[in-house]
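Student: Spelled out from the first residue to the last, the chains are:
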Amino acid sequence: MISRDTIAGLYDLYSEELFRYVRRFADSHEAAEDLLHDLFIKFIRYVEKKPVTDTNTRALLYSIGRSVCLDAVKKNKLSRRDIQDPERISLIPDPHTSGEERDPLLEFFNSIIDTLPEPEQSIMLMRKNGLTFDEISAALNISVRTAKRKAGKALEIIREKYRSSSFYSGNDMKSGDKSLY
Amino acid sequence: MKNGHLTDSDIIETLCEISDEKRKAAVMNHISRCEPCRRDYEAFSRSLSPDRNAGMPGRHVREAILAEIPEKSGAESRNKGFLFYRLAAASLAFIIPAAAYMIYSYRLPVKPAEFAVNHMEGDIRLNGVPVSGDVPVPGKSVIESGLQSQALLSDGKTLFTNIGPETRLEALSDIAGEKTSYVLERGSVIIRESAVSHHTIETAGYVIKPLGTEYFVSIKNDVVMAGVMDGSVSVKNRVTGSDFIIAKNYFWKSDGTGTSPLPEFFKERSFDAIAKLYQMPEVEKIQVKKEGRTVKQDHEKDAPVTPGKKDIIEKSESREEAREKREMRQDKQNHEREKKGRTDQERGQKRGRQ
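Which chain is which? The protein sequence lines are R and H, in order.
Sequence positions in the first sequence follow our numbering and run 1 to 181.
Sequence positions in the second sequence follow our numbering and run 182 to 535.
Hints are not guaranteed to be accurate.
[Claimed, not checked] Label-pair distances were calculated between CB atoms; the ranges are: (1) Val144/R to Gly309/H: 33 to 39 Å; (2) Ile2/R to Leu392/H: 42 to 48 Å; (3) Gly314/H to Glu156/R: 56 to 62 Å; (4) Asp12/R to Asp525/H: 47 to 53 Å.
[Unchecked claim] Some residues of chain R that are not near chain H, with every Cβ distance over 12 Å (derived): (5) Ala72; (6) Lys75; (7) Ile112; (8) Ser143.
To be clear, the hints were calculated from the coordinates, so they are not data collected in a lab.
The beta-carbon is built from N, C-alpha and C at its ideal position, and this holds for glycine as well.
Please construct the entire structure, taking both the sequences and the accompanying hints into account.
Tutor: This is the structure we're talking about:
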């Protein structure tokens with residue numbers, strides 16, 4: 001049986017980044033808190049049955065987090081953020097946010113990531129949280145090569161939308177590069 | 182690069198760690214010198230910046246999670262102490278009459294041996310049911326152990342079988358009978374007997390028959406290994422029908438390395454030591470040559486019945502490639518489906534307009 005101290009330690013270590021991850025799947029702060037709660041409860045149930053090593057704990061937490069989020073989306077518990085036009089993102093501050101100045105370009109990129117299919121979306125969110133490709137491949141049960149390939153595919157989608165957005169000021173010197181794609 | 186500038190794929194492949202170190206260094210070097218490329222690189226890198234505006238979960242979430250795990254409270258400790266005294270009193274009440282009975286009946290004939298599995302560490306299952314403490318083992322049973330798990334299967338008098346981690350051992354006939362055979366599907370067993378028995382241990386490709394009293398059998402990644410600490414062991418190849426004997430203080434592996442003397446570290450006779458034996462085949466071979474002993478036997482010719490290490494690696498690589506191909510195929514199908522969906526939608530819209 002896993003001790004309270006261990007879970008408390010893991011929560012303190014990973015809750016912030018896991019919350020950032022589940023928050024992208026939830027339409028409200030409260031819904032994200034529910035997902036984080038479910039994630040840790042599932043993790044506790046899991047480690048009661050199988051031992052976990054330090055090396056795979058983070059990947060396992062993300063793996064469980066992803067399944068919790070996708071289950072909730074399937075059961076229509078969550079209404080996915082409906083962002084057809086990433087440039088029309090709402091910049092109304094969330095009362096729960098840290099109060100840091102919002103970065104429009106980052107919000108723009110986030111909104112594109114929200115529209116990516118799975119597992120590209122999860123890969124991008126995990127990369128944003130600093131997971132290595134080894135950890136991502138373990139969390140998603142795919143090969144490292146596939147994880148990298150899918151991250152590349154996601155970045156190409158981001159590139160296309162970025163180039164055609166008003167955020168892209170253009171670059172005369174590099175205009176010839178577009179023909180490559 | 183094109184026109185003296187980085188292409189988008191240069192940047193994307195660097196960010197996705199697809200580029201090799203040389204190319205990555207070239208990209209980073211270029212960025213340090215070229216302002217437009219640095220701007221592009223920074224813009225793309227921003228898409229991988231952490232989202233600091235997601236906020237933090239409330240304190241109540243942490244408390245709700247921790248509330249799911251029972252805390253070892255003072256009340257529980259006190260209850261445990263109380264329980265201990267109650268058990269001690271009950272034990273004394275039992276021990277005194279039992280001792281009196283033993284003194285009275287020490288000349289009575291000994292009961293026939295009963296097999297039991299004793300849970301020592303980790304997750305042990307008998308016929309799929311988790312085991313704790315001593316559990317009697319009926320005939321035709323399957324004993325399985327998890328990671329870092331150990332158990333002892335014994336009759337308490339003549340036969341002691343230590344079951345190592347990640348092991349699956351099946352007893353085919355009545356375990357208390359004379360002719361028992363075990364099937365070792367995976368993992369390791371170390372067996373100690375007070376006399377030579379009629380047991381056999383079957384593994385993939387081989388039947389191992391003890392002619393001694395202390396030995397081990399192990400199977401990992403399709404490589405069968407057997408070693409003898411006392412007496413000897415006969416190994417029969419099921420495919421070719423040939424058999425050979427492993428002498429005391431020698432071990433044999435089915436991957437083609439043949440028979441080698443048990444190394445010094447095996448004195449501890451543990452499952453960790455067995456795991457070490459899998460890792461150092463070449464060292465042992467060299468030692469044998471240095472000592473000038475002839476350990477090459479006929480059985481070495483037919484030993485590689487099971488696939489060698491190289492074959493296993495090649496197989497796993499081909500599995501990886503197959504998985505890659507499968508995933509790429511799925512991606513393509515999804516893409517086509519999406520495209521088709523879009524076209525259908527467009528057609529529908531067109532019709533609607535008409």
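Student: None of the hints should be skipped; say for each whether it holds.
Tutor: Going down the list of hints, with the structure as the test:
1. Val144/R to Gly309/H: 33 to 39 Å: Since the Cβ atoms of Val144/R and Gly309/H sit about 35 Å apart, the hinted range of 33 to 39 Å holds.
2. Ile2/R to Leu392/H: 42 to 48 Å: 47 Å, holds
3. Gly314/H to Glu156/R: 56 to 62 Å: Since the Cβ atoms of Gly314/H and Glu156/R sit about 59 Å apart, the hinted range of 56 to 62 Å holds.
4. Asp12/R to Asp525/H: 47 to 53 Å: 50 Å, holds
5. Ala72: Ala72/R is indeed farther than 12 Å from all Cβ atoms of chain H, at 16 Å.
6. Lys75: 20 Å, holds
7. Ile112: 8 Å, violated
8. Ser143: It is violated; Ser143/R is separated from chain H by about 6 Å at its closest Cβ, not greater than 12 Å.
Hint violations for this structure: numbers 7 and 8, all remaining hints satisfied.
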